[in-house]
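**Q** As given, the protein sequences belong to chains A and B, one line each in that order.
Residues in the first sequence are numbered from 1 upward in steps of one, following the numbering used here.
Residues in the second sequence are numbered from 1 upward in steps of one, following the numbering used here.
Hints are computed from structural coordinates only; laboratory data are not their basis.
Among the hints, erroneous ones may be present.
The list treats identical chains as one, so a pair stands whether inside a single copy or across any two.
Only pairs whose alpha carbons sit at most 27 Å apart, straight line, appear in this in silico BS3-like list of lysine-lysine [what the hints assert, rightly or not]: (1) K177 / K323; (2) K389 / K37; (3) K242 / K107; (4) K309 / K149; (5) K256 / K390; (6) K152 / K51; (7) K193 / K67.
Number of protein chains: 2
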Amino acid sequence: MLKEKVTFNVPKEKKFSEWYNRIIREADLIDDRYNVKGFIVHKPWSMIAFKEIYRMYEDALERRGHKPVLFPTVIPEENLRREEEHLEGFKAEVFWITHAADRRLEKRLALRPTSETAFYQMYALWIRSFSDLPLKLYQSCTVFRYETKATKPLLRGREFLWIEAHDAFSSQEEAMKQVEEDMEITEEVLHKKLGIPFIFFQRPQWDKFKGAIHTYAADCLMPDGNLNQIASTHYLGENFAKAFGIQFLDREGKRKYVHQTCYGPGIWRIMAALISIHGDNNGLIFPFSVAPVQIVIIPITATSEETSKDVKSQCHAVATRLKENGFRVELDMSEKTPGAKYYYWEMRGVPLRIEIGPIEVKGGYVTLFRRDTRTRRQVPIQQLEAEIKKEGEAILENLRERAEKWLQQSLKEVKSFEELRDAMEEHFGIFKAPFCSIEMDGEPCAQRIREATGAEVRGVRFGVDEKPDPDAKCIVCGRRAGIFAYIAMAY
Amino acid sequence: MLKEKVTFNVPKEKKFSEWYNRIIREADLIDDRYNVKGFIVHKPWSMIAFKEIYRMYEDALERRGHKPVLFPTVIPEENLRREEEHLEGFKAEVFWITHAADRRLEKRLALRPTSETAFYQMYALWIRSFSDLPLKLYQSCTVFRYETKATKPLLRGREFLWIEAHDAFSSQEEAMKQVEEDMEITEEVLHKKLGIPFIFFQRPQWDKFKGAIHTYAADCLMPDGNLNQIASTHYLGENFAKAFGIQFLDREGKRKYVHQTCYGPGIWRIMAALISIHGDNNGLIFPFSVAPVQIVIIPITATSEETSKDVKSQCHAVATRLKENGFRVELDMSEKTPGAKYYYWEMRGVPLRIEIGPIEVKGGYVTLFRRDTRTRRQVPIQQLEAEIKKEGEAILENLRERAEKWLQQSLKEVKSFEELRDAMEEHFGIFKAPFCSIEMDGEPCAQRIREATGAEVRGVRFGVDEKPDPDAKCIVCGRRAGIFAYIAMAY
């Protein structure tokens, strides 16, 4: 018997930072000992889940008319310079390639921090007439940002995983419909399939993407009270179309600029949300669909050797059968005790565990354990696949409901600046408050909130029609409050 | 009616270079007008197929115990310096990141040309004992090489798609078994699933990967007579283990260095092989499994409006049904003539076409056209899915057989230097010849062949036991010929 016994017991809600920092390493999701600051190694335990999340997202995008492309990782400096505000926004974050072999390059190349300026010069070549529109393309890739703030694996890094979709339309109206579709895609993947509830905001003008007209974004709430932006859509208007000369002939033969949107689901941050929101004090809990191992099979040792043989052969038979049915299965035949194995696979978030001992073999059933509820039940061998599928769905539903409830509980309305300040003392919660404006004239009020509480004005809800009473006042400046703003801590 | 009529008719065998250069652009696989030399844009028509090829390969690797990881795109200079021969091999090809924002970086970072020196410092941390072995990890990514030779899309570029698998074992024996497994994976994916026949060689010592003990590689034959290396495995021995300190305690508690292999299927070059070997004078022919569009549906216009409506609604019904059954389907309702549509989709390599006109609607069948044989037959509506699957398999089988036959015909034995020289006048074919050695002492003979014919000695067959007669002489130096070498033009 190996002595190794893995236990994980960190109170997630109370000590989230410790919980997060330990679980990403102990569950072997990543290794951050790579010798370049801010760059990490994605280990199999996260990569298998990443691949599943990418597959879901790509499927959702493609079903709505997006097609995959892959652009170069490098962008010439001249491209970045074509949209001034955009350059301003990114120039402090760009890595530069200046040499190849022992030669200096004629033009410096940026490692893409985002790919608008790579895509859009090609859009200018590809788009000629209305019949080329809409053009909806995406790529799954990593991007690079020279972050000067402290980096944190899966939340802020110098190279991270994402998807970027770049869409061009013949009118503003169609572009705004895309913003809605992006919200729908976010809802489908994040909420329905991964159980992560979020709020979709229109961001304040001072917090928009550089080069955009408006930014819309999905925030989810992390256990430490910080909002985590997991996807965003930027309505670019004609800004980049003018900078890159992307024009089309409309049905009347008139030359016009395209209207553009870009959508970026932050695959890294989605993983951070997934593990943080669904995990518990014992470690990770993966939704069944994306779990790197969906079912772990653990033999329960028997006293007699003969029975032990039966147990082992039953374990192998079940493992083979489930693998053939397309499940990701691990059979743990190591020399650890069953208890040590339980701890280990629970900590790593495997959603279902099958225990097979002499009693199970004799009875023609298995004991099925659910990681989320930590409950056991007996399942007859012949119903195994069907019951696994059911339990898989039940786990997702339970995780989603738990997360929704928790988000709802964390969402409160405040009526005054004092109330907000008091409420924010715990640095936790999302606060809805009457507010003057998310145009630039509202920034001083947001600034006062930031100074007093550390919290950010994250914007107004998109797609939800809600307005304060006509006589409501901004909780900061006292001017008429035409909107409800949402205020919370944020990464 | 739009006037556009796409025809493609270039004799592939006679004018391969023109055929290749035109088809990759006209079929919209790539765009090489991106404004950094050697970097291209992968358009949807190639990306969808790339995604399917990646999926096949990743599946084949994972079924044999490999797990996915993702390492940083950047590698510090110090890592590259740890294995001298490796650095020598790559330093002329490395792009260097020297700055971030307006700051000079403390250490220069290379864009990975290949990732041995990124992976193996982590392997030194991860591998402790025999129970950590074998360690078999892979990543799907792009790599970067500052090529000074002329670049050619999908064949030689400065950023290209590949997979790299890095495996560590406790003994040379196990490592050599991995070389065999890599050949088996290559066989499964390239030959069985994509219909690309290849020859697996052990490369001459003068042509091995820098830092390896031996290099093994799969070459396929391109229509212009050049061999195209589409995958390679390097047996690294203990070279990198010593450079990076990758040691383990064996079962007896003795500290040992691991034995390593790395395997790299060149996804770009596989695509180049796929389109070049299977295509014909009319354009591309995709195997069914990886085709970006597997079935195109084309309505055949009717004279009466009523019948036209029936045709359209039948086309939509069939398209919906096939999509629901998981096929990639395009319904071409554009205003082009059926003939123009035929040309267009044939040129782009769609393996199956469904034609539906008034006669088909009335008869309750469709006309099914096969791109590879250019033959039509009627298929009753209710048998459509089953027949499509059958035809899909038949297409692959036909493409594979055609390619195999062509490879066999191109493979000849020569008995003298003069015979080789005469045969190579056409710059076409693979020639098997008695040869002295693929150790370094054989290099002068290879050099003479290169000077006289332009051809390369590609090595000896791996996994095939063949030897010349005991008294056979090397066709160049006349020394005893212990081996059969294979000689051909190569990219």
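**Q** Broken hints, numbered, in rising order?
**A** Going through the list in order, the structure violates hints 2, 4, 5 and respects the others.
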